[in-house]
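Chemist: Sequences listed follow chains A and B, in order. Quick note: the first sequence, position 396, residue 395 per numbering that gives the first Met the number 0, numbers continuous. Quick note: the second sequence, position 58, residue 57 per numbering that gives the first Met the number 0, numbers continuous.
Rough simulated footprint, nothing fancy, chain A against chain B, three-plus residues with beta-carbon under 8 Å:
#	region
1	23 to 35
2	38 to 47
3	71 to 81
4	90 to 101
Quick list of simulated restraints, FRET-style, between CB atoms:
#	chain 1	residue 1	chain 2	residue 2	range
5	A	Leu320	B	Glu134	56 to 62 Å
6	A	Asp137	B	Thr72	34 to 40 Å
7	B	Glu21	A	Glu3	54 to 60 Å
Honestly, the hints are just simulated from the structure, not real lab data. Yeah, the Cβ is synthetic: ideal placement off N, Cα and C, and Gly gets one too.
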Amino acid sequence: MQREMTGAEMVLQALKDNGVEHVFGYPGGAVLPIYDELIQQDTIQHILVRHEQGAGHAAEGYARSTGKAGVALVTSGPGATNMVTALTDAMLDSIPMVCITGQVPTNLVGSDAFQECDTVGITRPCTKHNWLVKDVNDLPRILHEAFYVAQSGRPGPVVVDIPKDVQFATGTYEIAQANPSNHKSYRPQLKGDMTAIRAAVELMSKAKRPVFYTGGGVVNSGPAASQLLRELIDLTGFPITSTLMGLGAYPASGDQWLGMLGMHGTYEANMAMHDCDLMICIGARFDDRITGRLDAFSPHSTKIHVDIDPSSINKIVHVDLPIVGDVAHVLEDMVRIWRASSFRARPELKEWQGQISQWRSRNCLSYRQSDDVIMPQYALQRLNEAIKGRKDVYISTEVGQHQMWAAQYLGFESPNHWLTSGGFGTMGYGLPAAIGAQVAHPGALCINVAGDASILMNIQEMSTAVQHGLAPKTFILNNSYMGMVRQWQQLLHGNRLSHSYTDSLPDFVKLAEAYGGKGIRVTKPGELDDAIQEMIDSPEPVLFDCRVAQLANCFPMIPSGKAHNEMLLPDEATDEAVANAIDTAGKSLV
Amino acid sequence: MNAHKSDALSAYFLAETSDVLETHTLSAIVDNEPGVLARVIGLFSGRGYNIDSLSVSETEHEKHVSRITIVTTGTPQIIEQIRHQLDRLVPVHIVRDLTVAAKASNQEKPLERELALIKVRGEGNKRLEALRLSEAFKATVIDATIDHFVFEITGRTNKIDQFIEILKPLGLVEVSRTGVAALARGELGLKDVHDEI
Ligand SMILES: Cc1ncc(C[n+]2csc(CCOP(=O)(O)OP(=O)(O)O)c2C)c(N)n1
Ligand SMILES: [Mg+2]
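Chain A on its own, in the form it takes in the complex (with noise of 0.2 Å):
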C-alpha cells in the first residue's frame, strides 16, 4: 500500500497497521495535529491520563499483561520530561513500549523555543533506541522500526520524537514490506548454539543439587516460554525459584516451586541457591538484589546462563556455560535434548530434594499474627484466599514493603499477571499499570497492592480510571510509614527514623469518593473479607484503605553485603539483630 497523507495521519496509519487499540497519552502544543487526527477515527482507542508519568506505566501495564508494546503519545518539552521516569523504568524491566513525543517545529529546534527540549538527547540512555524524524518520508519506516525494536530481542522503550512541521507536512506512506530480521544493523540472535545447549543438558543430567533460576526474560519470551519451563521442570524434576520480575512463569503452586529468590526472597530458594552444584540461570540478570554479597554468592555452582542480550552474560557474575539466544528457543532445545536421550535425574536429586524439605520447614514467611491489628502480612493472605482459582486476576504494586510482601503471599500462577517495578522501584507505578492492565483486559479484577505514601505519586490517575470506566482496585497497606525506608533506618541508621513518617495522610475514603470512586476503610481483621469482596465486586475504582501494625517489617532479608546464607529471618529478627544486621561495609550499599 502507498498512499499520500500527513505526518499525522501516517501516526494513526502506522499505529493501525502495527495492530495498536489504545494508546495512553495527553495532549499540548506540540501534537496538535496527532490528536486531531485521532478525534476523527474510533480505531483506536485513546486513554486521557492526568500526567504523562501516568501514561507511561499505564503503557507499561498494558504492555506486561498482553506482551505488546504499549504506547503513549505526549507533547514536547514538559510533556516529554514527565515521561522519562516511565521509559527508565521499561528500560530496567525490559518492557516494550512505543512513545510518541511532539517536538517544536524543525525550524525552531535548539532554539530554546515554547516547550523545546532535547528529547532523544534527554531519553538516549533510557531508551533502547530513539529517533528525531526530520523529513516527513522517513516517518513511516521509522515507526515501524520502533515497533520492531520495542518488541524484539530484549525488549525496551523507544521514542519517536517528531516536530509539528513533519506532522503537518505531507509525504508517501508506505506499509513496511521488509522482513524486520532483514534489519540492516539491529538483528538479535534468537537461536541458541546446539552443542552449548547440549553441553548445558549434560551437566543437568549430571548435577546433584540443581536449581532453576529464572527471571523476567522467560515472561518477555512469550506464553511458550513459561509452558516449556514448566515442561523442562516437570522433566528434570529439578526446583525452581525465581526473581522478582519473572514470577507466575513456573506456578506458585508448582511442587519444584522454591518462592522468590533475593533479598527479601524465601530461605528455601536463598539456601538452594547458595548451596547448588548447578546453577541454570534462565532470563535473569544476577542484580545486585539477587546475588547479594558476591564473592559468597553460589560459591560451589557450575553456573549456566540463558539470555537473549549477550551485555548480561558476566556482567556481573562469572558464567561457565552461556547460552545467548531467545529463552523459548533454547528452552525448546533443551526440552528436546533431554526427552531424545536417556538421560534421567540423578538419584542423589532425592537428597537435594530433603534438604530443600528441610529447609522449607524453617517457614520463613511466619509472621506473629495479632487479632486486633491487621499484619500487612495477613491482609495479602486474605486477598490471595479471595482471588485464588480465578485466572483473571492482575496484580499490580507500587514499590515498599508491600510490594515485596505482595511477592511472598500472592500466589503468581501464569505469566503476564504480576505488573512490578522491579530494576528501578518507581514509587507512582502501581495505579497507573493497573489502569493499563486494566484497558487491555476490560472485564478482568486489576489489584493495585499500594502503600500510603507510594500511591500518592500518582493518584491522580483515580480521575483517568472514572472517566474511562475503569475500575482498578487499590489495595493500600497503610501503616503510616515509608515502611520500607523505615526499615532500612532501622537497619542502617540507629533507629532515627529521618522523614519516613507522613503525618497528614489524607482521608482515602473521601479521597477515592472526590474521584468519583469508591473508597473502603478496615482497622479490624475481622472486617477483612466482607471488605475484600465488596472490593471486588465493585463496579467502580476503589481505594481500600487496609491499616496495618505500622511497625511490621519485611522478612526474610539478605542484609546488604551479606550472602544468601547469612539471612535475616522473622523469628530471629529482634531488635537488637535489626540494629546490628549489617556492618560498615553494607552500610554504603543502596
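Using the hints, position chain B with the ligands against chain A.
Modeler: Chain B with the ligands only, in chain A's frame:
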C-alpha cells in the same frame, strides 16, 4: 566457578576489581546518522568506561556507514562488556575487539596509526634541533616561517607521544591528533575477524 570478583561486596564494588588493566582497540561499523557518536560516548560516560582515544569518520559513503575506532582501558571483563554494550546499540552493525583478534592469531597488536600536527616555535639551535629530530622521526614539515614549523607525523601512538615529549623543551606550541585508526593484520575484513574470547 566462583564469583568473579573475590573482594567485591556487591555489584557496586565491581569497579574496584583487582584484575589487571589492559588497553584494547575496538572497531565498530555504525550507521552514519545524527546522534550515533553521542550514543557511543554516552554509553562510555554513563557506564563509567574509559576512552583513551576515539576516532570516527564515514568510510563507505554509499552505504552511509562510519567506522569508529576506540582505544579503551579496563579489565578484560569490562572490555568484553564494552564490546557487548556497543553491539547492543541499534545503529551499530558490528563491533570487534582488534586487540583480542590480534592475540588470537599470535600477533602482539593490530595495525594502529595516528596522525598528529605539531607546531613548534623557536630560533637558533632549538629550531635546528627540532628540524633534525623531525627527520629522525620521519615527520614532514607542512608549514614554516622563520619562527616556526608545523610538522606532520604518522605512526603508532607511543612514537607520537615520544616525538611530542622531545619537542617540549624546543618550543612546542600546540598539537592536534586524529586519534587511532586501526585494522587487523592479514587479509580478513572486520566482519570476518575472529575475536571471541
Ligand atoms: C519515586 C521514588 N522515590 C523514592 C523511593 C525510595 N523509596 C523506596 S520504598 C519507599 C517508601 C514507600 O512507602 P510506602 O509506599 O508507604 O510503602 P511501604 O514500604 O510502607 O509498604 C521509598 C520512599 C522510590 N522507590 N521511588
Ligand atoms: Mg507505607
